[in-house]
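Peer 1: Chains as they are written, first to last, in UniProt numbering: chain A, 1 to 374; chain B, 1 to 374; chain C, 1 to 374; chain D, 1 to 374.
Note that these hints are calculated values from the structure, not bench results. Virtual Cβ for every residue (Gly too), placed ideally from N, Cα, C. Fair warning: there could be bad hints in the mix.
What the hints assert, rightly or not - Quick list of the computed label-pair ranges, beta carbon to beta carbon: (1) S77/B with E363/D: 17 to 25 Å; (2) M270/A with S204/B: 25 to 33 Å; (3) N281/A with D174/B: 35 to 43 Å; (4) G319/B with G218/A: 45 to 53 Å; (5) A64/C with T73/A: 42 to 50 Å; (6) T73/A with P62/D: 50 to 58 Å; (7) G319/A with P152/B: 20 to 28 Å; (8) G218/A with K327/B: 54 to 62 Å; (9) E363/D with G78/C: 55 to 63 Å; (10) G362/C with M270/A: 26 to 34 Å; (11) D263/B with T73/D: 29 to 37 Å; (12) Q80/D with N272/B: 54 to 62 Å.
Stated by the list, open to error - Computed list of lysine-lysine pairs in BS3-like fashion (alpha-carbon distance at most 27 Å, straight line): (13) K105/A with K66/D; (14) K66/C with K66/B; (15) K105/D with K66/A; (16) K47/D with K66/A; (17) K47/C with K105/B; (18) K167/A with K105/B.
Protein chains: 4
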Amino acid sequence: MSFNTFGRLFRFTSFGESHGAAIGCVVDGCPPRIPITAEEIQVELDKRRPGQSRFTTQRQEPDAVKIMSGVFTDEVSGQQVTTGTPIMLMIENVDQRSKDYSDIKDKYRPGHAGYAYDVKYGIYDYRGGGRASARETAVRVAAGAIARRVVPGLTVRAALVQMGPHKVDRSRWDWNEVGNNPFFCPDPVQAKFFESYLDGIRKSGSSIGAVIEVVAEGVPAGLGAPVYGKLDADLAAALMSINAVKGVEIGDGMAAAELRGEDNADEMRMGNDGSLLFLSNHAGGILGGISTGQPIVARFSVKPTSSILTPRKTVDRYGNNTEVVTKGRHDPCVGIRAVPIAEAMVACVIADHYLLHRGQVGEGPSWPFPMPGA
Amino acid sequence: MSFNTFGRLFRFTSFGESHGAAIGCVVDGCPPRIPITAEEIQVELDKRRPGQSRFTTQRQEPDAVKIMSGVFTDEVSGQQVTTGTPIMLMIENVDQRSKDYSDIKDKYRPGHAGYAYDVKYGIYDYRGGGRASARETAVRVAAGAIARRVVPGLTVRAALVQMGPHKVDRSRWDWNEVGNNPFFCPDPVQAKFFESYLDGIRKSGSSIGAVIEVVAEGVPAGLGAPVYGKLDADLAAALMSINAVKGVEIGDGMAAAELRGEDNADEMRMGNDGSLLFLSNHAGGILGGISTGQPIVARFSVKPTSSILTPRKTVDRYGNNTEVVTKGRHDPCVGIRAVPIAEAMVACVIADHYLLHRGQVGEGPSWPFPMPGA
Amino acid sequence: MSFNTFGRLFRFTSFGESHGAAIGCVVDGCPPRIPITAEEIQVELDKRRPGQSRFTTQRQEPDAVKIMSGVFTDEVSGQQVTTGTPIMLMIENVDQRSKDYSDIKDKYRPGHAGYAYDVKYGIYDYRGGGRASARETAVRVAAGAIARRVVPGLTVRAALVQMGPHKVDRSRWDWNEVGNNPFFCPDPVQAKFFESYLDGIRKSGSSIGAVIEVVAEGVPAGLGAPVYGKLDADLAAALMSINAVKGVEIGDGMAAAELRGEDNADEMRMGNDGSLLFLSNHAGGILGGISTGQPIVARFSVKPTSSILTPRKTVDRYGNNTEVVTKGRHDPCVGIRAVPIAEAMVACVIADHYLLHRGQVGEGPSWPFPMPGA
Amino acid sequence: MSFNTFGRLFRFTSFGESHGAAIGCVVDGCPPRIPITAEEIQVELDKRRPGQSRFTTQRQEPDAVKIMSGVFTDEVSGQQVTTGTPIMLMIENVDQRSKDYSDIKDKYRPGHAGYAYDVKYGIYDYRGGGRASARETAVRVAAGAIARRVVPGLTVRAALVQMGPHKVDRSRWDWNEVGNNPFFCPDPVQAKFFESYLDGIRKSGSSIGAVIEVVAEGVPAGLGAPVYGKLDADLAAALMSINAVKGVEIGDGMAAAELRGEDNADEMRMGNDGSLLFLSNHAGGILGGISTGQPIVARFSVKPTSSILTPRKTVDRYGNNTEVVTKGRHDPCVGIRAVPIAEAMVACVIADHYLLHRGQVGEGPSWPFPMPGA
């Protein structure tokens with residue numbers, strides 16, 4: 001809803017810089033009596049944590065999350081549950097080699113947010129990217145771990161489906177493979193290839209972009225708020241707000257431009273259980289900004305990491321021409337770590353709309369409707 | 001910020017259905033003493049108006065806008081200006097052939113919002129798509145006409161750059177051509193081709209998708225609000241909220257996935273006038289969610305119109321399998337009319353961030369900064 | 001939530017000036033399938049309408065409300081119901097004697113908003129007070145008529161309990177009397193006195209203040225959102241936003257300062273039906289910002305109308321000392337007309353919190369709780 | 001704007017319970033380059049801190065605030081300044097005798113929020129009042145310390161003006177006396193009396209209410225956002241959101257009801273310096289919801305502390321009748337500690353409207369206006 005707050009009813013407000021004392025967020029609007037522990041949040045955070053393979057930044061950060069407020073022990077179940085009050089989640093920064101950045105503190109790195117922050121605010125915490133660092137995204141993952149528990153039956157999964165020009169083969173898609181390689185890749189063959197491919201990128205001091213796909217299943221039909229709170233518009237903002245994202249697609253995405261009406265139309269039939277079946281899912285689970293009950297499918301591109309070893313022309317903050325090389329710890333393909341972040345953001349958007357729908361519409365109508373006169 | 005309201009400081013709240021008494025919006029938060037007349041808004045509306053060629057819906061609607069509040073005559077200039085109070089803009093509906101829709105009122109048209117609205121709300125104004133009709137976008141254009149005047153020096157232009165699989169040739173791009181053909185196409189050669197191509201689509205009762213590109217020039221550096229009010233995230237939501245949009249790109253967009261870091265980095269040099277020059281614009285004018293002063297470049301895909309003459313399998317609201325054909329007045333390529341709507345939405349987002357920046361940061365720092373000790 | 005929008009989930013955005021083309025509002029976030037007609041809204045509006053007795057402004061305005069969007073005929077019931085889309089309510093201005101104000105257009109009337117608007121915006125629609133006119137409150141009454149239907153079992157009633165220094169006798173309080181006199185006074189004896197008292201005020205060209213009390217019954221326990229969305233804080237803002245209001249009280253209000261803890265504590269006992277009974281209501285139905293199920297009781301003071309016949313010292317907009325007398329049509333006690341407005345605002349706040357609670361908490365827990373181990 | 005967030009552009013989101021790990025807030029939207037240190041915030045916090053005299057709770061809490069994010073060293077000045085990113089302020093809880101509350105954990109204390117929280121959320125952190133504890137107000141004071149620095153020239157001061165039925169003598173009002181007694185009382189004679197008076201209350205295990213007055217000077221004319229973001233409406237909500245507040249007044253407040261129009265009108269004259277002078281301030285510095293440049297004057301009542309030693313009838317959470325006595329550490333007059341909290345809340349509201357005005361109107365018009373034709 002505002003600068004550092006995300007969401008409308010299920011909201012989180014994020015704080016912290018890469019090299020400050022801590023990062024964290026305040027989750028507000030979460031329903032009461034939802035069981036949650038720091039350990040459960042930690043599981044999600046560990047997926048995103050850097051330093052896990054040679055393909056992500058070597059910053060060694062335990063990213064240990066603490067729940068500082070908003071939970072209490074339920075007398076009946078003995079479980080720790082949410083109380084309806086704000087849940088503060090905090091991750092202390094422990095590996096902050098600020099000295100790594102001192103020689104470039106006055107130079108704007110091409111593709112980095114440094115110049116933009118400086119020209120906006122007149123001051124910039126340059127250490128590790130400060131507030132613009134991807135480190136902030138850890139708190140999104142933490143908030144998302146709670147969001148996932150808000151919507152009964154919701155499953156949100158993401159996978160890397162393209163690295164540079166190389167796409168996965170969808171006929172080999174296996175969600176179980178996503179955890180078996182350091183790329184969150186659902187195609188084990190392509191994952192093997194990515195290993196050597198990214199090694200080459202890394203050793204040359206370069207970086208490469210990627211495409212991530214997110215799929216949300218178990219989303220009730222009817223979520224979304226036309227006209228300016230459309231579910232797809234909120235998802236687009238959520239995914240575009242992730243660092244380095246440059247494009248977002250729902251369903252057929254950009255390719256929808258090439259389709260004819262008769263191909264794009266997702267036809268419908270009644271299922272044996274009285275529910276509605278769609279015969280295809282070009283729409284990606286959303287029509288008119290409202291979920292249809294089909295899986296929600298979104299994709300987004302992540303640009304290559306801007307921190308590279310090749311010298312680039314730039315200027316410094318005092319208006320002098322110069323060159324810059326980034327020697328810090330960085331990811332050759334920052335898109336990899338975007339996978340759990342995307343899951344979290346999608347979970348937060350859906351949780352938010354779940355509460356909004358429950359508030360505005362309540363239990364909702366029962367579909368199909370009775371025939372008039374019946 | 002919420003369901004039918006768009007924006008944070010420069011906001012508009014939209015109302016109205018396709019076949020109701022009127023559509024319109026309340027523009028709130030607009031600065032005072034900005035000259036504006038209904039005639040000036042009408043110029044923008046006429047661009048979007050249907051019935052202008054055989055390539056858009058034949059609904060004959062003058063779309064005459066009235067300013068119902070929020071303006072007054074300035075004593076000194078004698079001009080009609082905004083007063084800082086809410087500006088209500090209203091367009092009465094005059095050509096509402098509701099009978100066209102009566103035979104399909106109980107059938108869900110594949111690709112339409114009808115089922116989603118029905119399962120959400122339990123009731124749906126099916127006449128002409130009701131609230132989900134593209135007719136609502138007329139009020140966006142009206143609001144955008146005011147937004148354009150809020151930011152001094154701002155120019156926002158859009159063009160259709162792809163229809164079906166056919167792209168424009170960028171070497172022939174001429175903004176002056178956009179007004180010379182019924183497609184808002186900047187490439188006169190391709191525009192000629194689109195004429196016969198779309199005629200074929202139309203005559204076969206089919207429809208086709210499109211890609212639109214929007215370019216905003218004169219956007220001051222420093223607009224945008226990290227981390228969840230990023231300028232690009234707000235643009236993504238704004239464009240995705242337009243009917244039938246399925247993908248949004250900023251700068252290199254989805255293609256950024258294929259780039260290496262050294263190619264993606266927009267290098268910088270000092271200009272002769274002391275300003276900063278970027279040597280390329282892969283970023284599309286936005287870094288870290290903040291405008292850099294470069295042109296902002298966004299693209300989006302529009303799916304083919306769902307209303308087609310080919311029978312499609314569907315169900316009715318009572319759970320029976322059936323087929324449906326849409327015989328109403330419709331666009332063979334609804335993407336064409338998205339061009340002025342996209343300009344309006346981008347203008348609104350920029351106006352909003354212009355006010356937000358002025359509020360939070362004020363006049364802002366002067367860049368380049370003085371050397372320490374100087 | 002912002003300048004001309006009131007509410008969070010149940011919201012309305014108001015527009016219009018006293019002497020413009022129309023006033024109205026867009027009600028957004030209203031649940032679907034609530035039966036409502038323009039006639040039902042008109043009943044509420046007629047209570048507030050000026051020109052009904054010699055004690056309110058003689059402006060003759062039918063205040064006929066039209067529903068311009070957001071309703072549709074329910075096929076099953078045949079009733080006109082809300083659809084979940086924005087409901088635009090419009091009242092055209094018909095009696096706008098602008099010439100009445102031309103001789104005072106450059107003079108600031110003490111106690112009026114004219115100077116404040118001018119110094120803020122640099123332009124002011126002075127005709128009849130423009131946007132600052134109490135005429136805007138008609139749209140609140142219209143919105144409130146819908147809000148009342150959102151919460152099942154809700155009753156909101158208000159009454160004038162003090163005029164100048166003269167209070168009603170609470171032992172004679174009879175809600176049925178409120179409609180029997182032109183003052184919305186629940187004490188028939190005092191109402192009789194007010195008649196001659198206010199006649200004296202009116203004839204002398206003066207004006208007088210008043211106190212209004214609002215009582216909401218049938219408010220479910222549990223509404224309200226600590227810490228900054230407290231039900232009482234929202235009520236205070238809602239009532240203070242009514243023109244000319246200078247003080248707001250909940251329960252014992254300002255008098256709570258004089259109480260001792262043992263007197264202020266509302267003791268509790270179990271009712272025969274298993275519900276909780278409070279033995280008193282010093283709290284006015286709200287504890288910790290959350291409704292307790294007791295009647296919500298609020299009071300507010302309305303200052304005397306600033307438009308009086310006695311000349312007052314002032315300055316004009318060009319910085320010259322001068323004097324001013326207001327000769328237009330005005331109320332000797334503007335507090336009278338605040339009665340239906342207050343009911344509407346309280347209904348809107350409660351409807352909003354009802355939806356917020358349903359969204360965030362759902363159906364909620366069942367109290368009393370089972371004993372541990374039971 | 002929402003549950004645990006206060007403000008629109010200058011916002012803070014609060015978290016924490018009385019007996020949790022920590023309390024704190026995230027201040028968002030604060031302009032950049034404002035010098036601030038933890039020590040400066042601590043000065044304000046120490047005013048509110050309990051345990052300072054025998055008249056406030058004996059809980060011994062250092063209330064040491066840490067700035068966890070959002071500040072950085074300005075290279076030129078060497079000062080620590082805000083960066084425009086969220087400022088997280090944290091106060092760890094150190095004196096949390098939870099055992100004090102174990103014997104009353106199932107009993108609802110009359111006047112406390114316990115029952116309301118329980119019936120809303122189905123779970124309640126009863127230790128020390130949990131989220132409903134006045135302890136949360138410490139973070140408001142911390143946020144207010146920053147807000148004070150946002151508006152140049154702003155001074156906000158508050159004083160206790162009534163305890164029980166005993167009011168201060170305004171002819172003896174001396175702001176310098178406020179810091180010389182444990183009651184924040186501006187009247188040294190009455191302060192002396194309060195000492196023995198409150199001692200009596202305290203020794204009898206009772207408690208007493210109070211009235212606080214807040215005065216803001218140096219508020220620029222033109223702040224406030226009609227119609228639903230009125231400055232006085234926002235102040236009313238802000239003050240009513242403070243624990244135990246039951247009434248709020250602006251200017252003449254409830255007494256405005258007794259005034260005649262000619263007495264209530266604040267007449268105007270031009271000052272020698274070309275500014276506008278008001279000859280009185282019945283309005284409390286606000287007209288039409290907009291500041292006039294006069295001092296803003298607000299008052300509010302605080303009910304007596306609900307925690308008293310006299311046994312009170314109540315029920316437990318399982319629906320049994322019982323009695324309750326509160327033996328914990330508590331304030332005989334909780335209104336005393338509301339003084340610095342009120343200053344903070346008023347500062348936050350004014351800072352917020354200062355940014356809003358700058359955003360929407362910019363530098364604003366120059367008053368008085370030039371004569372037409374001049």
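Peer 1: Are any of the numbered hints broken by this structure? If so, which, sorted upward?
Peer 2: 4, 5, 6, 8, 12, 16, 17, 18
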